[in-house]
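**Student:** Protein chains in written order, with the working numbering: chain A, 107 to 361; chain B, 107 to 361; chain C, 107 to 361; chain D, 107 to 361; chain E, 107 to 361; chain F, 107 to 361; chain G, 107 to 361; chain H, 107 to 361.
Just so you know, the hints here were simulated from the structure itself, not pulled from any lab data.
Here a beta-carbon is modelled for each residue, glycine too, at the ideal position from N, C-alpha and C.
Heads up, some of the hints might be wrong.
[Stated by the list, open to error] Calculated cross-link-like contacts (lysine-lysine; reagent style BS3-like; alpha-carbon spacing at most 27 Å):
id, chain 1, residue 1, chain 2, residue 2
1, C, Lys163, A, Lys165
2, G, Lys128, D, Lys123
3, G, Lys212, G, Lys195
4, H, Lys195, D, Lys195
5, E, Lys195, H, Lys165
6, H, Lys195, D, Lys165
7, H, Lys212, D, Lys165
8, E, Lys195, H, Lys163
9, C, Lys128, F, Lys281
10, D, Lys163, D, Lys195
11, G, Lys195, G, Lys163
12, E, Lys195, E, Lys165
13, H, Lys195, E, Lys195
[To be verified] Residues from chain A that face chain G, not an exhaustive set, calculated with beta carbons under 7 Å:
id, residue
14, Ser242
15, Gly320
16, Ala321
Below, each chain spelled out in residue letters.
There are 8 protein chains.
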Amino acid sequence: MNERELHELLTAVSSGKLSAGKAVQRLKHLPFEDLDFAKVDHHRALRQGYAEVIFGKGKTSAQVAEIVRSMLRHKASRQNVLITRADAKIFAAVRRANRGVARASKFYPLSGVITIERSSEISGKGVICIVSAGTSDIPVAEEALLTAKMMGNRVEHLYDVGVAGIHRLLQHRDKLTSARVVICIAGMEGALPSVVGGLVAAPVIAVPTSVGYGASFGGVAALLGMLNSCASNVSVVNIDNGFGAACVASCINRL
Amino acid sequence: MNERELHELLTAVSSGKLSAGKAVQRLKHLPFEDLDFAKVDHHRALRQGYAEVIFGKGKTSAQVAEIVRSMLRHKASRQNVLITRADAKIFAAVRRANRGVARASKFYPLSGVITIERSSEISGKGVICIVSAGTSDIPVAEEALLTAKMMGNRVEHLYDVGVAGIHRLLQHRDKLTSARVVICIAGMEGALPSVVGGLVAAPVIAVPTSVGYGASFGGVAALLGMLNSCASNVSVVNIDNGFGAACVASCINRL
Amino acid sequence: MNERELHELLTAVSSGKLSAGKAVQRLKHLPFEDLDFAKVDHHRALRQGYAEVIFGKGKTSAQVAEIVRSMLRHKASRQNVLITRADAKIFAAVRRANRGVARASKFYPLSGVITIERSSEISGKGVICIVSAGTSDIPVAEEALLTAKMMGNRVEHLYDVGVAGIHRLLQHRDKLTSARVVICIAGMEGALPSVVGGLVAAPVIAVPTSVGYGASFGGVAALLGMLNSCASNVSVVNIDNGFGAACVASCINRL
Amino acid sequence: MNERELHELLTAVSSGKLSAGKAVQRLKHLPFEDLDFAKVDHHRALRQGYAEVIFGKGKTSAQVAEIVRSMLRHKASRQNVLITRADAKIFAAVRRANRGVARASKFYPLSGVITIERSSEISGKGVICIVSAGTSDIPVAEEALLTAKMMGNRVEHLYDVGVAGIHRLLQHRDKLTSARVVICIAGMEGALPSVVGGLVAAPVIAVPTSVGYGASFGGVAALLGMLNSCASNVSVVNIDNGFGAACVASCINRL
Amino acid sequence: MNERELHELLTAVSSGKLSAGKAVQRLKHLPFEDLDFAKVDHHRALRQGYAEVIFGKGKTSAQVAEIVRSMLRHKASRQNVLITRADAKIFAAVRRANRGVARASKFYPLSGVITIERSSEISGKGVICIVSAGTSDIPVAEEALLTAKMMGNRVEHLYDVGVAGIHRLLQHRDKLTSARVVICIAGMEGALPSVVGGLVAAPVIAVPTSVGYGASFGGVAALLGMLNSCASNVSVVNIDNGFGAACVASCINRL
Amino acid sequence: MNERELHELLTAVSSGKLSAGKAVQRLKHLPFEDLDFAKVDHHRALRQGYAEVIFGKGKTSAQVAEIVRSMLRHKASRQNVLITRADAKIFAAVRRANRGVARASKFYPLSGVITIERSSEISGKGVICIVSAGTSDIPVAEEALLTAKMMGNRVEHLYDVGVAGIHRLLQHRDKLTSARVVICIAGMEGALPSVVGGLVAAPVIAVPTSVGYGASFGGVAALLGMLNSCASNVSVVNIDNGFGAACVASCINRL
Amino acid sequence: MNERELHELLTAVSSGKLSAGKAVQRLKHLPFEDLDFAKVDHHRALRQGYAEVIFGKGKTSAQVAEIVRSMLRHKASRQNVLITRADAKIFAAVRRANRGVARASKFYPLSGVITIERSSEISGKGVICIVSAGTSDIPVAEEALLTAKMMGNRVEHLYDVGVAGIHRLLQHRDKLTSARVVICIAGMEGALPSVVGGLVAAPVIAVPTSVGYGASFGGVAALLGMLNSCASNVSVVNIDNGFGAACVASCINRL
Amino acid sequence: MNERELHELLTAVSSGKLSAGKAVQRLKHLPFEDLDFAKVDHHRALRQGYAEVIFGKGKTSAQVAEIVRSMLRHKASRQNVLITRADAKIFAAVRRANRGVARASKFYPLSGVITIERSSEISGKGVICIVSAGTSDIPVAEEALLTAKMMGNRVEHLYDVGVAGIHRLLQHRDKLTSARVVICIAGMEGALPSVVGGLVAAPVIAVPTSVGYGASFGGVAALLGMLNSCASNVSVVNIDNGFGAACVASCINRL
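Can you build the whole structure from these sequences, using the hints too?
**Tutor:** Structural data, given as structure tokens:
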């Protein structure tokens, strides 16, 4: 039941067509959320600048292509579409099924991201700076970067600035301090967010990566390091969750 | 907003005292659950036979006594009151503050349970049988037993029937097979639910206890054993959660 | 030794063919369970409505086909046959080897379940409602659904109602509250059973799934979440154990 | 070397008193950070609105009192002072040693926080809403609340709105949606941030607490739940780290 | 039902007082284990040389004293009594309540063992050698030593022969190689059983101890080390389980 | 240096060909173990009845074949040869390279064991009984069985006697109680050794297997269950270590 | 800004072309490390004798070949090049792309190491002795050995000297005690460093390997064993990190 | 048997007093290590400059005092004595029992170290620099500092230089780069060794501390961080093991 329907029901009561008692019955069992279900979704998209997002992993290429088609059909709005954890096969299916946007769609094999850019509007107020420790962390960084861009943010990046060569990081302090939000991506010991957190006043979203071997335990060492960061402006998302970090950052950057 | 209030609002619309538009505004933001908030609680209590329950741990004796007083004052119904994880100090405060029910209240130091029995109505359809492996598991078993009783169930128990002396368990097979629900409590290797589950057709609620040392890891060994039970009628609750097991069992026993 | 053999032995004593002393010797070492070995199994099947079940994983397709043939041959009863964790190769072998039931057998590739339906008798008293959080949890949900059906239950399902969009769940409250048992399946943070448990009076069987990545640790995060549920009508089975949840639910639904 | 000293050095070069070569030598080995060491700290305080903070745990009451005295003496600025993880003994020592601010200092035994309020200036742009699941989570919530206040934020709170009674949370949706940043505190299964994250567009800082027993493993269950949240606007800080959550929230609220 | 009662029943059949059919009914439901319940216990004690054992932890001193009295009263046999994980208070209560054996009872505060020696018969065939790595492992070693002695074994010990000073161990090779069973006790890295296992042909029972700090994780490091021993004659018991190791060793030593 | 060489050296001293001082120098730095290096190995083989063993995993088929050839060449003794964790390719290489024993060699694909039987001498005093819980545990059971046989033991086995159908185990009590050593193999909850340990007086060597899924954590659940066994005659070896269990059992069976 | 540029700036101040104030501005924000960025790198290489190192894992063969070409082009110095975690495909690409050094380059498939030897200068003062426990540890040992050699050290090795055959180790005591640094590599229980540490006075760098199965948990058992070593001259690097151990050893051997 | 005794034995052979055969018998069973047992210990002390060390934890004050007395009595050498993990009570007992050195003995309550300085000889070649991250890490740092001093090293320290304020560390780069060995102590995320390792060419011994709360897991987060350090000159010792780090550093500093 949407607002219009609710209005009609109440008008019927007002005009005597429907008794108060019967209206009570209908309203009592009405799923509350139904009232503004679509609106909530709509509002979230408007406020957070969320692109339409599909988590590709575990879906067939046909399914993903179908969902994209449905998105493009039903939305008058020109929101960007973002598919994460995808592969070349999914990309081919998406392009085949949606020829209208084939030219606007790109596949990034390193991070497994597909983007369909339909809007280049910038809704984030400042710059999101994405910092990563090693070259192996770049796939996660790229997922974060593309997500942040598709959500309407200006993004800068700073790669391969691990803490064992601290001068590489210090050289780029200007870039860091001018960002409104910093996303900090590191595997192994996950020490980068502590150092970066101490250098900037902005909120730092830390992303542990599964890069490493042995006692890195698939990213657990980095995760624990980040949760125990001695810098107090650091919060953490799941291992390898570049997408999530960009969502949080984008959500902050709109404030 | 309860049903009566909703009726009044709609009558106001019906009589022209309130416009349909204003009613829409009020209803649109009305927290849905508010409509039947009290009722839900009421219904749950009626259906599940839940006694009023207070988790004593982390509350001062004064706070617990005050909550009990409030329960006794506001409820015309004569529901039993159950306080778990309590101690002698809390018991003294409860008795002092609620002289009217002092005689009906009892403290069980082994399990730290306080009961205020105000109803002896049996609402469970069958018998809940509580089986425990070792003497050290008895505190958890007692918490389960008292909880099940306060919720209106007939309860039997079978203590100290660990699997290393399987004959002790087999001797009491009749008791086991005649139960409608079985609660199975064990520490150390937590093997009892698998054996019991194979002997009965009833659902078995398994409770791992923190009894043990070394590689029992405070109940983790028993918990894992129970989650991996080769008997397919076994489900599991948290370590030492005798209360929870009795809630689940009671909820089943009312079906 | 079955009942007839025991009778013969005692008749021999009665007729003086066997001395009491010798009978004592024979009976003293008699494996007690041997008396009713077959009966116990028979009784369990009758009471719990268990279909014949084969755990396919780790068995060759020939082995599975052979077990099915043996089941179909020896059982006059028309019980359903259920094979879990199977694949297309096993399915082909089962069909080839059991042509008589080939039309009654189906393979569900998503969950890896094979069913041979020989009875559509409903023995469960109410409806089992299967609720799952995300689309990736559906394979586990399907295993639960097919198991519950093969065991003679009416089953409904509610998929993709994760807690981050709580309105989707609230919209279907009627379905939830009318179920006699609820099976609640979720990966990632495993929060669904707590919310569902608070909405219904029925017992909730929670199934953590291995869906997720990074700090989901193959379902451990969801498992821990469910074991620590603040709703007191929730009990838990092993990660991805849709079959086990349906067994427990079916066993409750027969009470 | 501060800015003035650098100026003097360069003036000496300019006036010929020091050769360019010698200045190179001195500047080459000059610790860079020394230049703006004090300023950086100053800037961080100004920008982030950080009160002066002392982590009380592991320090003697005399040490804490001494640090407070030093803070009060050297700072012309009227920044608030915050001492976390303190006790009554530390509070007494702080009051004795700093009589000038004794009236402005308060001790909150539940959370172990001492505040010395010297400024009531509000520097945060919006409201930080602190939501907690159970009454046992309130100490951590209080640490977050006092930290956020001392850092110049307007703060609202919403306690005891755990997910097993989802209606309690939905009733207060207005409070939630009007906040600029949400801090979400929960022990046990840690499901609250997922539900809250789905209801609001603001960033949600999740704090797992060590509340629980058995398989909560001192907050690990809640921590994992939060890291795996299916709501994409959630990031996480360390277990029981109410202080850290408030720092991150405050840092966002100033953007 | 004991052997005599079974004999009476069969005599009744033999004499025609009881029909074969009725005897079948009684025997069919007779709990099998009841037949030889006492005997089994008796047999186990005779065969394994088990002393009567009480696990003192979690029992009150009154309870332990009462159990001891019951043991001494009912047993004509002169078996040794062993109480593990006890303290001085329990010892006092045991002595007070059992004056007859007060002189025969001893308390070993290091290991918390109480012994009541009533028999010095040696039933083990060879020598059990107890080897421990560091002085802090001696409490566990003492528990093993006293248990083995009370169960009728000749015992030798070799303390403080950790692997970082391998010569200390090699000096005593004769003692090691002449033992029939070796119990090997070590905390920290738990390497001793691997070295000892390589030096002897006898079975080695390894006991990890909780001695250590930091990454010893309360004995987990030692436990894992022992489970992964490259010596193939090593098996392992629980952390700090000196009693269990001695039971296994005693049971082997009687073969 | 062997005993003969030592004798020659001392004869040289005795005859004046070598001064005492020079002999001191040679003996002082003589690696002690060198004296009886071969003998120790020889003795171990004789006493423990160890067959020659090769751990196949991680070795090429050529390497394994070469080691076998060397064993067969250098040993006059007719010891059995055992290769564990092997595959069909290794088996082919072994047969090709060692035609003389090709007929005596067998490959068991289930367990990956290759045996070359050259002696059927029985050196173990009693029977080793191998008990396993489920059909999936049979590969580990087979490794144990073949190892025990190759080391000269009489072996019996009892498969598929898991604790959820306790009657299956009780039926075979005679087989269990007549064994001199029991090897007990189980995955999932690992409860079998506790039940078996309570039924027999013999030492029980427990082997956890990696059979299971979800919270079995690759055998950890079974391992913990066995380490916490409430039966005191149980000791444990590494997960899936059928070979190790048979070594320990064989070593006991020779006592 | 390098030293020359700094000199130019200061010359400009000296000559009056640039005011002291403006120079302060430029220098104040100058990234300090920029001054001697190249030098630091240069110094590290000179002092530590580090070969140029490429971590091959996660890089394409083309990328690795390109990096090697760049190294060879830009460096007048004749430093050795080391590529770790590589494979045959990378080796082929490296040879193709760098024909000038094709003859000097070698690939070691066991450890996945590629070396390009351009200098045979020995810069380490003593011998690094690499000791490993089992044949399966040799790949890690080889990585350590080649790394140490490429960094200019004399290296000896001692393989297959596990602690269960302690005589094998004692035979080679001379080799051990004459080393200046010992690298000790072991999987399974990781006991070797404790024994070796007790035999030598030199620092021992312990490397746990992921060799083992079951409760070795991919090297965790060995790692914990080494961290808890009772020998006080032992420090530890990550699981399978032969490269890291050789770096530490090389760095010590240059002192 | 020492060298002299061996000489006597061989002289007896040489002179015909002892036959070669009998000498073989005596030498064959001679514990090899006995030859140089005392010497080894002596050598280790001389080479490694180890003070006499007593681990105080778990020993009574009387025991420690007695061991100290024995050390002082038997040693002509004037080695320093070091007691770690001690308390005031142990210190009092040591002073009472050893009045001769009472003035030379000191107790450091922060770290629980007692030193008896009898020699101020410096045997280490360079400076050991001890760097720690936070004030709470100082107890562990002090244990390392006093151990290193007692073992004859020049020691410098740098406290409270955590990575969240990187400028504090960079200011003291000279101190760091002039050290021959660096000990790096940090709790929480344990990031300091990675940063320090990148700044210096010397070997860095990393010590994780148990400082932290929540997801620091008693030092595990710091330990994992250090094991995964991206700086290749870092090796690690056990959590809180300041003593061990100083032993390793001292052993290196003597090379």
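**Student:** Each hint should be assessed against the structure and marked as holding or not.
**Tutor:** Going through the hints against the structure:
| no. | hint | in the structure |
| --- | --- | --- |
| 1 | C/Lys163 to A/Lys165 | holds, 24 Å |
| 2 | G/Lys128 to D/Lys123 | holds, 18 Å |
| 3 | G/Lys212 to G/Lys195 | holds, 13 Å |
| 4 | H/Lys195 to D/Lys195 | holds, 25 Å |
| 5 | E/Lys195 to H/Lys165 | holds, 23 Å |
| 6 | H/Lys195 to D/Lys165 | holds, 23 Å |
| 7 | H/Lys212 to D/Lys165 | holds, 23 Å |
| 8 | E/Lys195 to H/Lys163 | holds, 25 Å |
| 9 | C/Lys128 to F/Lys281 | holds, 22 Å |
| 10 | D/Lys163 to D/Lys195 | holds, 12 Å |
| 11 | G/Lys195 to G/Lys163 | holds, 12 Å |
| 12 | E/Lys195 to E/Lys165 | holds, 12 Å |
| 13 | H/Lys195 to E/Lys195 | holds, 26 Å |
| 14 | Ser242 | holds, 5 Å |
| 15 | Gly320 | holds, 3 Å |
| 16 | Ala321 | holds, 5 Å |
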